[in-house]
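Visitor: Residue-level listing of the chains:
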Amino acid sequence: MTSLARIGPWPLGGLRAARLVERNVMVYRRTWLVIVSGFFEPLFYLLGIGFGLGALIGDVPGPDGRPIPYGVFVAPALLATSAMNGAIYDSTFNVFFKLRYAKTYDAVLSTPLGVGDVALGEVAWALIRGTLYALGFLVVTVLLGLARSPLVVLTVPAAMLVGFAFAAVGMAATTFMRRWTDFDFIFVVTLPLFLFSATFYPITAYPDALRVLVVATPLYHGVDLIRGLSTGVVGPALLGHVVYLAVMGLAGVAVVWRRLDRLLLK
Amino acid sequence: MPGRMSRGEPLPLVHARGLTKRFGAFTAVDAIDFDVARGEAFGFLGPNGAGKTSTMRMIGCVSPVTAGTLRVLGLDPATDGPRIRARLGVVPQQDSLDMELTVRENLVIYGRYFDLSRAEARRRADALLDFVQLLDRADSQVEPLSGGMKRRLTIARALINEPELLLLDEPTTGLDPQARHLLWDKLYRLKQEGVTLVLTTHYMDEAEQLCDRLVVMDKAKIVAEGSPRQLIERYVTREVLELRFPAGASVDLDGRLEGLAERVEQLPDRVLLYTDDGEAAVVAVHERGLRPESALVRRSTLEDVFLRLTGRTLVD
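Line order of the protein sequences matches chains F and C. Here the first sequence is numbered in this note's numbering, starting from 1 and rising by one per residue. Here the second sequence is numbered in this note's numbering, starting from 1001 and rising by one per residue.
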């Protein structure tokens, strides 16, 4: 046997994973409205909180301490949140259904595709959806004058990174779920993340001990990264955020890989 | 593998020696040996839990071998899984059709998993839908299809990559007789086209209809091997006389049927007499003053072989 015959960790360089994305495109081609709906979630938050509440609040301290309008402050946090929510939704409910009920992956694994392709394909799909939403949100942010820097275009790849991190970890968590009620745990995690990750007020509002806790959680890194880019306040801290999210995503994919192997290739 | 074929004797498509599968302390497949030759229809016959599905999953490269040797298409599943699977068709026991796609899309995307071009996948999808008589349902969702239609679609899906070896795990379980016969007809045609079939079943008639050669599995082991005819000749007589007695009467049959047949098997609901001449046995039974409620003479089947080998019936 030549070395080509061996199953590498990325069969065919991960290209086969694209077939799974193609499958999902096929599914959503008919129900594209479902996809569009995902765009409205952050938009509604932005209108309700950014403008409604923002009119009462006025200015808050930005990332560099200088005051910025509340809408400018909260918009990037809402983008980060919706990137998280979209990724979690795709990688948990949808994946659980395909894994436990529809046996979609069992059928896929009878073809040349392997568990690595399944893991990559599903995370990639969650990522692609998240990217579409981020692009839509970017357009709205710019139109509403809530972007303060040309660096705002980088919020799209940043939102992708947030999506990747949460999709991978969400799918990893899903492989441990046994029944639908287990999914309540997801809200137990994501709701506090949404509320307390310096989303609605600066992290300086917390006492030191709590601040350490918040900085340890993932959405904070997404929020601060995207806020830094859209307000044009960049520094080494942003690089830290990128590394945190990338490591989180890769760790998630590694866990998914191992778990699918155990669950599907018994 | 043209190089390997040039030795004159073609390699078996599946080759297993001492093949073993364990799940923790439980042994599902216990050191079995078998070979499947190109072009034959090979069956695993046995009751639920005999180890048939575990064996099929190992051949299908979706379940690692615990011990022993397994070669599929001359390759080792442990290192060549994707390359082997590229040349296999798999019909799993449990339907795994994609409920979020239409009938045609199920085939097209499956073709794409096998790296077919979109145009080729669509062309084959329509040809296969025609073959399994589902062309008129091509744009329907999968959900409303009947059990038999879903099975046929699953078979069509397994054929999208024009496999050399088709694995069928209990292909007709749960289908009504009409649907089963339609499926058997399709499988028979595939066999005639040269596709090698490996199937599991716990239906005797299915094994007799489809299999050139089969192994009988029981409790993780192979207990017999041969063609359906050979097995019947080797293990049972040509005919069987089935006697039913009024409820309660069979209790005191003890010894009264002795010597009437080569072998007597007492089941909860009936008594089986294995003999080469069933009619003569009926007469003999009556001569002994026994009055069965009914007496049926039939040809021996694989069911009888199984009963003989394991002392149990196949389908509980």
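Source of the hints: derived by calculation from the structure; they are not laboratory data. The structure displayed is predicted, hence computed values, not measured ones. Keep in mind that the hints are not guaranteed to be accurate.
To be verified - DEER-style ranges, computed between Cβ atoms:
| id | chain 1 | residue 1 | chain 2 | residue 2 | range |
| --- | --- | --- | --- | --- | --- |
| 1 | C | Gln1141 | F | Pro150 | 43 to 49 Å |
| 2 | C | Asp1130 | F | Pro150 | 38 to 44 Å |
| 3 | C | Gly1049 | F | Val215 | 35 to 41 Å |
| 4 | F | Arg179 | C | Arg1312 | 33 to 39 Å |
| 5 | F | Leu213 | C | Arg1017 | 58 to 64 Å |
| 6 | C | Ala1025 | F | Val140 | 58 to 64 Å |
| 7 | C | Gln1178 | F | Val247 | 56 to 62 Å |
Heads up, the beta-carbon is just placed ideally off N, CA and C, and yes, glycines get one too.
Visitor: For every hint, state whether the structure bears it out.
Guide: To see whether the hints hold, each was checked on the structure:
| no. | hint | verdict |
| --- | --- | --- |
| 1 | C/Gln1141 <-> F/Pro150: 43 to 49 Å | holds (48 Å) |
| 2 | C/Asp1130 <-> F/Pro150: 38 to 44 Å | violated (58 Å) |
| 3 | C/Gly1049 <-> F/Val215: 35 to 41 Å | violated (54 Å) |
| 4 | F/Arg179 <-> C/Arg1312: 33 to 39 Å | holds (36 Å) |
| 5 | F/Leu213 <-> C/Arg1017: 58 to 64 Å | holds (59 Å) |
| 6 | C/Ala1025 <-> F/Val140: 58 to 64 Å | holds (60 Å) |
| 7 | C/Gln1178 <-> F/Val247: 56 to 62 Å | holds (58 Å) |
The earlier numbered hints that this structure contradicts are 2, 3.
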